[in-house]
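Starting from the known structure of chain U, arrange chain G on it as the hints suggest.
Sequences listed follow chains U and G, in order. Under full-length UniProt numbering, the first residue of the first sequence is numbered 1, with each subsequent residue one higher. Under full-length UniProt numbering, the first residue of the second sequence is numbered 1, with each subsequent residue one higher.
Worth flagging that the hints you see were computed from the coordinates, not collected in a lab. Quick caveat: nothing in here was measured; it's all calculated off a predicted structure.
Simulated crosslink set (PhoX-like; lysine-lysine; CA at most 25 Å straight-line): (1) LYS407(U) with LYS407(G); (2) LYS394(G) with LYS430(G); (3) LYS95(G) with LYS64(G); (4) LYS626(G) with LYS626(U); (5) LYS95(U) with LYS135(U); (6) LYS548(U) with LYS626(U).
2 protein chains.
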Amino acid sequence: MSKSPAPSAPVTPARPSAGSLEPLFNPRSIALVGATERSVWSIAAVDNLRRFGYAGRVHMINPKGGTIFGSEAAPTCSAVGEPIDAALLMVPESKMLEVFDDLHNAGIGGAVILSGGFAETGDGGRQRQQQIADKARVAGIRMLGPNCLGYANFVAGTPIWTTPLRRAGGTPQVALVSQSGALASQLEQFAHQQRVGLTHMISTGNEADVQVADAIEYLAAQPEPRAIALFLESVRDPVRFEHAIDAANAAGKPVVVLKVGSSEASAKAAQAHTGSLVGNDRVFDALCRKLGLSRVHSLEELVVTSDLFARLGAIHGGGVAFIAMSGGMCEIITDQAEAEAIELPTLSADTGRALREVLPPLATPNNPLDVTGAAMVEPELIARSLRTLAQDPKIAALSFVFDTPPKEDARGFARRFIGQVGAGFRESGKPCVMFSHTFSGVTGEARALTEELGVIYSGGGVRHGLNALGQLLRHGAWQRSARTARNVVPEAALRPDSERAVLDFLADRGVPVIPAQVVTSAEAAAACAQKLATPVVLKIASPDIRHKTEVGGVALGLGDAEAVRAAYEQMMQRVQAARPDARLDGVIVSPMRGSGVELFVGTMRDPQWGPAIAVGLGGVFVEVLKDTSLRLLPVCEDDALTMLSELRGSALLDGFRGAPAVDRAALAKIIVAIGDAALALGPDLVSLEINPLLAFDGGIEALDGLTVWEDAREQH
Amino acid sequence: MSKSPAPSAPVTPARPSAGSLEPLFNPRSIALVGATERSVWSIAAVDNLRRFGYAGRVHMINPKGGTIFGSEAAPTCSAVGEPIDAALLMVPESKMLEVFDDLHNAGIGGAVILSGGFAETGDGGRQRQQQIADKARVAGIRMLGPNCLGYANFVAGTPIWTTPLRRAGGTPQVALVSQSGALASQLEQFAHQQRVGLTHMISTGNEADVQVADAIEYLAAQPEPRAIALFLESVRDPVRFEHAIDAANAAGKPVVVLKVGSSEASAKAAQAHTGSLVGNDRVFDALCRKLGLSRVHSLEELVVTSDLFARLGAIHGGGVAFIAMSGGMCEIITDQAEAEAIELPTLSADTGRALREVLPPLATPNNPLDVTGAAMVEPELIARSLRTLAQDPKIAALSFVFDTPPKEDARGFARRFIGQVGAGFRESGKPCVMFSHTFSGVTGEARALTEELGVIYSGGGVRHGLNALGQLLRHGAWQRSARTARNVVPEAALRPDSERAVLDFLADRGVPVIPAQVVTSAEAAAACAQKLATPVVLKIASPDIRHKTEVGGVALGLGDAEAVRAAYEQMMQRVQAARPDARLDGVIVSPMRGSGVELFVGTMRDPQWGPAIAVGLGGVFVEVLKDTSLRLLPVCEDDALTMLSELRGSALLDGFRGAPAVDRAALAKIIVAIGDAALALGPDLVSLEINPLLAFDGGIEALDGLTVWEDAREQH
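With the rest of the complex left out, here is chain U (with noise of 0.2 Å):
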């Protein structure tokens, strides 16, 4: 404080890499603007730093002057006389573009606008923060809010926090970033009753300057997190975003995020057919499965899941063995376990063997391991059943269900038992973890106990836990999987819009397409059908016509010459007759297929988050039960092989009712290869659909194309 200038923390000239984040999140002196005893804000700001130990210097800014907080203010920050790196601006929205000159003049890095009444009243407000933060560029001054409530650095003991904070309890792992202030604090407190140590928190509320993005890649850089949990509203810009996730997942800090809402922005993206069969939130949940975003769905799951990343990292490969001590918990941890697709190997021969040499008589060698309360008895049977269940190659990772005791008793048999468990969790070399039954609060006692004696523990209690233990494994098998979907360069001058040019692009691209020919005569299509030498369908030709069927376009099943020539000048006049306006450019003639599997491809573009595909199953598939599997692009063939297996129908490409089973591989390959070719089409490309993709027992085709396009929704 600045009552009591820290020897330890010597003035020095502020940093001069104008754009840093560093002054902001990690400053070395502190301006307080607009600091007044009467304001709960400004109470709550000095109290926090006071709590903290804040090192650094803090100055009082206010106009009038005068003693405040024990301090002697100044008018201005420029009037301080002395370097600072960040300011917290607690003054009213009229005076903010004056404190900004006096930020520029004073040279100060950051600045944490509590203030409100910008963009979150209307456009009136977006116009007076974009003037502010026109103000900070010019002046290098990063800037988090305005309407936020600050951040604390919980490593530096720095708080810029405008409500009554803590100091974070257990060893500090996890950051926290949120677009709420509210909820931040909710989550701090929350972590805090769960003694999971936060690194950082931050809030960026409305994100003039500093987004989540920023927030997340400044965190990816700091050593002390090592996983991030995210509250986010809406994403401001999804390329900063993306880059963001990437980093912190490239410095091995996995992010957790909690979503809420669904996006205004992509509202827009549902005109589109593809679109209006998705929605918004699975457009999110595709890109947290390409960025490798853990989506929570609770407060609670975003603090242990993120407390469990951080203290366990993701886990690769296998399934997990779990030790209770009691039958009835091992029943809940089996159908806890199927909800949440963790799989429980059942143990080997050997393990079995093993096992029963270490387990008292009444105990069975199973998984989930029931040692019964003979362990309360002797401990040293949770270290022998961890160590000789390790042993089992399909076993990844360990899991024993125990309440950790809120302070260590007299006997000493709380150190005793964690004792044994944390011999276990050592010996097995294997991630472990011990979970409370059900959830409940840690102490400072329990967390400093199970730290010392090598227990990983959440009180996070089994359901929470186990959910959190499917999102290591689901983020292990997402850094396992290989990213080798490549990116296509769009190619603007394509743009094919009629059915034929679409599958002849479709073709290029090496998707099969059904052979067709276009024909202008009766006799042409007749010769053609005989060269087919099987039953044709016949439809018009004409880039000004989407349904052709409504305007009788399409004649199906013809067997013969002349009932091919017949259909065509029917045709003619039908189509002619409905739609006097349109350019026919003939008749196209393709072999009829017979029944097979209908497939459905279709992509998107989701105005924030870019091209997307879904696949699904055909007809009523796709159009009354919206079965489809949705991935951002580009993809590659395990994700298209994962998207198949994702179907409710699944089933029915494995050869239904006697049917030949469908090519996966192959299938897999089309719609690779059909994202690709979306991707080739470029932004204005607003959706490209096959439809039906049909697998039959001559191979698989494209039937039909469509391509939508941004500036005329409505063509072929």
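For chain G alone, coordinates are given in the frame of chain U:
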């Protein structure tokens, strides 16, 4: 304790009503048989009785005599010379028969058996358990266990529990029944942490006599429990179980259940076709719907939900209004409410206007309502908002999100704030509840303060709180739904087992079936077809042939007499060649139906829960997607309508691709009739399947019917 007999508990003769559970669960005196100071079980049992201040006499029984826990031990119960209501048996399994003779002689009414070594160990143990059960029945002794931890009657201050136990915190309102003693302990611990007051806690162990059904029926008759929490592994006697749940509901005590594992017995049902479509766990779900059981999926949900049932009761009709103090929390509530199918009514214009008058300028009248941090300064905002929202007729219940401070603060803020919440709750005149933001333990002070100020507060957090609210709303809907399904008496003489016999039987029972005539000559077939004046279908009529298509026993779409004649002759030849053994009754002639919506209606018989009915859309929907809705029989038309709405492909009934919409009311009547028909066929019927039931423009018709019988599962 026997050391200091309570003068308020005069010694009277043991209750005469043999068979009553009163001596077991509310004894006026207790014998601890096998008590010894060297056993942790004895120590815990004695400590618990002391800590609870048990008012009756406690007798130590040990054949060695001597002073145990300060009391003179008697060698047997008979030797005590005083009436004893209940005994806790902590003796080896080998002594048990002898001990029961002693209990009989001593006129003891209830026995709690801690000892294991019975049915849980295999066949030998099962026999020994039966022996003591027989003895107990003869002696009129009601028995809890064996292999159980006991019970605690918190309202009477009577624990017969063999691990350390606390007195309950919070007003006792929730009774707990668990088949696992260890999980009962965990649930008690968690309930205490949340200050959820327990009235009773009963662990039923091996259930040689008292089953969960008996415990629930006993609790239903007690005045204190207002809801019952049940941890269930398997139900031994389905009839008693249903009866007990009915009794609890009739007494206004909803039952919340956490059910694990899948029933061994139900696996049998999977052999029948419909059974393989559904699975055992779904049968239990159907049972929950029938009985009004609220099924939860974690220990936390079990406690939080039964607590809210006890304090709020079921909620009837309409949606819920939520108030929170941040926009972020409102967004979380919106997402979560959707996940729990809780309606968040849009506020009426009147409510909006009224709210605008009471809210600060920046707050917007919405549901959820963000009252902003301003409420911290002006808590009256909460009361006013609650009052105003409650006037909206669409709002059935209200909820406010706020964490109770762990203790009253010096300046009385907590009291003032919670007081305003309580005022708003009272004035609303509707069910109201306050949830913490995230899971958090509830202190005794917090519980007392909220109770004093009229605030129902749950520390379960928003996720579990909304989950529980969803259950309260669904239970309210269940209570309202008229249980109009009538019971059908089986008619043993009926046993239709050919397709024609099944369809004729269904027709008699009000199910429209396709017209059909069995003919025995090609001429008769042609004549019949001409009379129908529509293309016809021929099907071989034989009780010995199940899969008609495979033997060439089906011919479709025969347009003229010649074709019918030819088809008849060919079919007879083909079938005779393929199945020379089969009895052929002739050929069935039916009109050929055009396209329509194919449905599947099938009944199954669960070995535990009896007949059930599954409804689905036909073809791939039921065969690949297993998209069925399941109910236990009988069902009423409302049930059938709900079943149709539950189907994923439900939209197909509304006229997909221009097809006419299916008359859902008519369809529901037919489903009820099919269910009733299955009931009429009695307990030997394994399955009655109508596949397809065709809804076409001419109406709804059963096209094919199949029965499977207990002693001949492969018959037609």
